[in-house]
Every structure is written in structure tokens, then in C-alpha cells.
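Trainee: Dock chain W against the given chain E, drawing on the hints supplied.
Those protein sequence lines, which keep their order, are chains E and W.
Add 100 to the 1-based position in the first sequence for the numbering used here, that's all there is to it.
Add 100 to the 1-based position in the second sequence for the numbering used here, that's all there is to it.
Treat the hints as calculated values from the structure; they're not laboratory data.
Positions of the beta carbon are idealized from the N, C-alpha and C atoms, including for glycine.
Be aware that one or more of the hints could be misleading.
[Unchecked claim] Here are some, though not all, of the chain W residues that point toward chain E, as calculated from beta-carbon distances under 8 Å:
#1 L174
#2 K204
#3 K216
#4 G220
#5 V222
#6 L226
#7 Y227
#8 F366
#9 H367
[Unchecked claim] With a straight-line Cα cutoff of 30 Å, these simulated DSSO-like cross-link-like pairs (lysine-lysine) come out:
#10 E:K248 - W:K248
#11 E:K395 - W:K248
#12 W:K292 - E:K216
#13 E:K229 - W:K395
#14 E:K248 - W:K395
#15 W:K248 - E:K216
#16 W:K229 - W:K259
#17 W:K147 - W:K248
#18 E:K229 - E:K248
#19 W:K229 - E:K248
#20 E:K229 - W:K120
#21 W:K259 - W:K248
#22 W:K229 - E:K112
#23 E:K336 - W:K216
#24 W:K259 - W:K147
#25 W:K216 - E:K292
#26 W:K229 - E:K229
There are 2 protein chains.
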Amino acid sequence: MNKLLILSNSAKEYHALIKKANLPNLTIETTPTPETNIVLGETGLIKPAFASLPALAWVQTTTAGVDLLMDSTLRRDYTLTNARNVFGQLMSEYVFGYLLAHEKRILARHAHQQAKRWDGSVPGVLYGKALGLLGVGSIGAEVARMAKAFNLRVHGYTKSSEDSPHVDQYFHGDTLPQFAAGLDYLVSILPKTHATDKIINADLLSQLPPHALLINVGRGNAVDEAALLEALNQNKLAGAVLDVFEQEPLSPIHPFWTAPNLLMTFHTSAMSFPESITRVFVENYQRFNTGQPLKYQVDFERGY
Amino acid sequence: MNKLLILSNSAKEYHALIKKANLPNLTIETTPTPETNIVLGETGLIKPAFASLPALAWVQTTTAGVDLLMDSTLRRDYTLTNARNVFGQLMSEYVFGYLLAHEKRILARHAHQQAKRWDGSVPGVLYGKALGLLGVGSIGAEVARMAKAFNLRVHGYTKSSEDSPHVDQYFHGDTLPQFAAGLDYLVSILPKTHATDKIINADLLSQLPPHALLINVGRGNAVDEAALLEALNQNKLAGAVLDVFEQEPLSPIHPFWTAPNLLMTFHTSAMSFPESITRVFVENYQRFNTGQPLKYQVDFERGY
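Excised from the complex, chain E in its bound form (with noise of 0.2 Å):
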């Protein structure tokens, strides 16, 4: 008998969802025991938990991000999967609808009612414009398949993977000069590596042109928050839509709240639906039963 234990905000949509999936040979516990072998849920009440499960086995994150777990003082003795497949689509509408607010300046035009202004300005376009991915995974094809179908040219810039059908040019290693000249828009969607750091900085900033505009619906260690603040002072940067930051929630004296074309939300991009994740999960967990390999798994080496 497997026993799963879920640690998250949304404990009892889970219980109800995967209760009513009636899946075999599975008991479902509310407090740790020393027989739980399944974690399902947030990766921030899942660490603390550790120490109370001898016998775990395979942990289910209802998150893509996993970062909290890869500290390499933390156990690595259990399978680790995140929630892939799940996110693309909330991403994309996220990505897209920041692009064309931005295009269609849909703020300037809200004001301009406010202040009964008939503005006949010509809003700006999407069509043809060049749209750079830091990072290609199951995210960012989904970025790129909503980009081609605006008609858009598409970047990619990986590790080493060209997955995508949807990536006009791909790019790697120390190509980001490459990569990102000429970009119109770049959007991050890296995960948090050591490998990630601070990629986006002074010297890739200076790199777009000055009417590219940033969004970063990664992590917040991609940016170099002192060099993103200094670039749109001095508007070398059309602007920047962050949904992530350094520290989380953003303090109050932290200078991007009042930043010159800085639109902030507030981690919100891609929330996870219960019901999403747990069809992932019961897809994995049937493999977990019959000891299929399973789905969507982390690599604690290369950090997702």
C-alpha cells in the first residue's frame, strides 16, 4: 500500500481531486507517518517535512520552480518530478498580454479616457517583431507556438536543447550578444541555477535596442535588479513587466515600485490550477504503481 502525504495551501481541493481519481492501492495521510513514501505539494512546506519521512520515495511539486529543493546540503534520496505541461499555456496568455498592452499602450489609452482625450494615436504592432526566449523547455515552446501564430520571429536560447519547431534561430553558450541584438522583446523563462544568476545584466541589457521591452516570468535571480533599475532610468529599455523578483514579496522601500515603465505582478503569471496538477499526478502515480520510470523528472545536478 502506497501512502501519500500532501503538504500544500491547497490541501483539501487535493484530497477531494485524488480521492475521486479512485486510484489503486493508495491511502492518503494528513500528517507525516513513518510508512508515507508519496509527498505531493509545495516545494516550501515540502523541505521543512523532510526530516519527518523516513521512507519517501517520490515527491510530485504542484510548482515548475524547484529551486528550494537543490540546496546540495538537502536529501537527494527519492525521485523529485515538477508540474510540466501544465504551466504553457497561462504563461503564454501572461507573455502575450503584457506584449500587447505594451503595443496597444492599453494604460496611455485608459488615462486618456480618464481624462475624456479622443487619442486617434496609431497604437504599435506585433506583427513582425522579434521576440527572444531565454530558456526552451515545455514553457517557452508554448511562448513560441503563440508567437508564430502572431507572426512573430522567434529566438531561443537553451542549454544545448533546439526542441521547438517553433524557434526560428536557436542559441547557446556565449552567443547572448547574438542572441539578443536586434530583439524587439525578451522574455525570461529560466528557471533558478547557478547557471541563471544574474544572466540578464548590464551587458545583455545593453544589448537589446532601446525600444525592446523585458519580461520575466522566470525567477527573479535571471535579473540584475541594480542594472535593469539603472537601464530604464536612463531609458536605454522601452520597459519591463516582472512577475518574479530577488526577494519575494518585494519589500516596500524596493525602488521598482516606483521604476519609470515598470509594471510589476506579483508572482501571479501561472498560478497552478488543482485540477491540472493533479491529472499530472495521477498520470505519474500510475507509473509510480506498476514501477514504470516516471514523468517530468528533476535532474538535482543540472538544477531542473
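Mentor: Just chain W, lined up with the frame of chain E:
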């Protein structure tokens, strides 16, 4: 020799672009002459010039809408072609920009940023929602294509055509209530004709669920403005986005300026780009010059 008169606020740009196209058997005029047989331009400038164009054979408009030339008292002794396959992507960008701004609460998030409030509430999604298109011509077909890329369900209401493969279900005639029932988004791309006058009236609005969003990018005549105001004021509709109005520019005392959950833009959802329109003109000129039937001909009886 064909004689072309350009009647447009962007006449200089059109002149340069057409000269560059080096079309055979064509001279470009700057004022109407007894020999002028072709006119390219904006309907509002063409209409008053009709009397000075005795040899008029063909008018190519720079717009999709041609309602200003449809009055039955106006001449119809020429071939009228409008601009098609030009505005689809622009309109589509506008529609999805505002749909996403609505779901992602871009204006509210911005207000929270200004108030330095970390707002972790879950945004809405397009995924799986139902979009209804009033009018599925070349623009509607493009909006339908993007809707499928975003995984929406698509209802199409047309006079009789069922041409787009991206419409899941077509409706005609007196089935407007069935078309509207259960829609999350209603988008009007209708031309101005007698048949479309106030088609979005209290009846149709009452068929929509209260969480529905209305977008009008067609013509202002399609909306019963008093009925829409009433629906918004009574929260019978989540919101409306209007780019077109009964009277433009909108009167400064019109209640729309301050109506709740109403976003306005200013007939800017699809501005003509001379490069794109010139491509349409060049294509049609080559047909005209060799005696072939022109593309994008307007039917005076139908009105579009």
C-alpha cells in the same frame, strides 16, 4: 493610359510607394481631371470628389469599412473595392490584447503597484472560454484563428457564409439568442448596414452571462448605446471595450467616458498602414490593367 488620383491624408506616402512599384500604363495625378479613371483613398475624401470624376471606373479604399459610399443616392457606376486581408492581424491583436488585459486584470494590477500593494490574487484565463464573433469575414476569420491558437471555443454569427475552419459552430438568422447563450466574450466585427443597426441591443445583452465581456471593433451603429449603458450600470455585464461609436469623435458629455467597466479606444484598433494597402492596390491594379475581375469587390446592395 490609366490616371490615378490619390485622396488620402497619407497621399504623399502612397504616391512614393506606388511610384516605387513602377506600375505599367499609369500616371499619378494630384487633382481630379476629366480623365481620372482610378481613385485610391479614404471614403470621407472620395465622396465629395464624385462630382468632379466623370471618367471614374474604379475606387480602391484604404479602409475595410465603406459605409460612407453606400447611400443609395450616391453614384454606383464604378467598381468599388475595399481593403481586405490587411486588418485581420491588427484587429486580432487588439481583441486579444483587451481580452487578456481583462482576464489578467492588467489595470487593477497596475493600480495595486501604484498603491505598493503585493496582490497575489489569481488572474483569469482565456483557455477553454467561449468567444462569439458577430461577423466572420476576413477579419473575423483571423480572430477565429487566433482564438483557436488560445484554445477557445468559437461561435460565429453570419448572414449565411460558413467559410472559416476555425469557427466551431455557426449561427444565422433568428438564432442570435442561441449564439449568445453561454458566451464569455462577444466580439462584433460587423460592417455598418441597415441589418446591423443596434443588433447588440437589450435583448442580446440579456442573453449574455453577467461575467461576459463585449468588444466592438466593427462599427458603432451595431451597439444600442443606451442599452449597453444600462447593462453596465446594473452590472449585467462584466465590461465592454469599444473602439467605435455612433458618433465619432465621441461627444465630451457622452456618458460612455465615465461608465463603469467600459474601456474606450478611439477608432484605432486597425489603422491603415500605407505599405499594406499599397500591396492591395498593386495587386488589383495589375488585374485592372489586364482586364481581369478585381479582388475585394463591394456589393452595393449588400453594403459590404
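Trainee: Decide, hint by hint, whether the structure agrees.
Mentor: Hint-by-hint comparison with the structure:
With its C-beta approaching chain E no nearer than about 26 Å, W:L174 sits outside the 8 Å limit, and its interface hint is violated. The closest approach between the C-beta of W:K204 and any C-beta of chain E is roughly 5 Å, which is under the 8 Å cut-off, so the hint is satisfied. Restraint check, W:K216 versus chain E: the minimum CB separation of about 5 Å is within 8 Å; hint holds. A cut of 8 Å between beta carbons decides the hint on W:G220: the least distance to chain E is about 5 Å, and the hint holds.
Against a cut-off of 8 Å between C-beta atoms, the interface hint on W:V222 holds, since the closest Cβ of chain E lies about 5 Å away. The beta carbon of W:L226 is positioned within 8 Å of a beta carbon in chain E (closest approach about 6 Å), and the interface hint is therefore held. At a threshold of 8 Å, the smallest CB-CB gap from W:Y227 to chain E is about 5 Å, leaving the interface hint in force. Proximity of W:F366 to chain E holds as hinted, the smallest CB-CB distance being about 5 Å (cut-off 8 Å).
With a least beta-carbon distance of about 7 Å to chain E, the hint placing W:H367 at the interface is held under the 8 Å criterion. Annotation: proposed proximity of E:K248 to W:K248 holds, straight-line Cα distance about 13 Å (limit 30 Å). Restraint check for E:K395 and W:K248: the C-alpha separation of about 28 Å stays at or below 30 Å, so the hint holds. Between W:K292 and E:K216 the alpha-carbon distance is near 26 Å, which keeps this suggested pair within the 30 Å criterion.
For a cut-off of 30 Å, the pair hint linking E:K229 to W:K395 stands: about 29 Å separates their Cα positions. Taken as a hint, the E:K248 and W:K395 pair is honoured in the structure, with Cα atoms around 28 Å apart against an allowance of 30 Å. With a C-alpha separation of about 36 Å, the suggested pair W:K248 and E:K216 falls outside the 30 Å cut-off, and the hint is violated. Distance restraint check for W:K229 and W:K259: the Cα-Cα separation of roughly 24 Å lies within the 30 Å cut-off, and the hinted pair is therefore satisfied.
Among the hinted pairs, W:K147 with W:K248 is inconsistent with the structure: their alpha-carbon atoms are about 39 Å apart, more than 30 Å. Restraint check: the Cα-Cα separation between E:K229 and E:K248 comes to about 11 Å, which is no more than 30 Å; the hinted pair holds. Under the criterion of a C-alpha separation no larger than 30 Å, the hint pairing W:K229 with E:K248 is consistent with the structure, at around 22 Å. For a cut-off of 30 Å, the pair hint linking E:K229 to W:K120 stands: about 25 Å separates their Cα positions.
Distance hint between W:K259 and W:K248 is fulfilled; the C-alpha atoms sit about 22 Å from each other, no more than 30 Å. About 26 Å separates the Cα atoms of W:K229 and E:K112, which keeps this hinted pair within 30 Å; it holds. With a CA separation close to 25 Å, the supplied pair E:K336 and W:K216 stays within the 30 Å bound. Taken as a hint, the W:K259 and W:K147 pair is honoured in the structure, with Cα atoms around 28 Å apart against an allowance of 30 Å.
Proposed proximity of W:K216 and E:K292 is supported: the alpha carbons are some 26 Å apart, at most 30 Å. A distance of roughly 28 Å separates the Cα atoms of W:K229 and E:K229; the hinted pair therefore holds under the 30 Å criterion.
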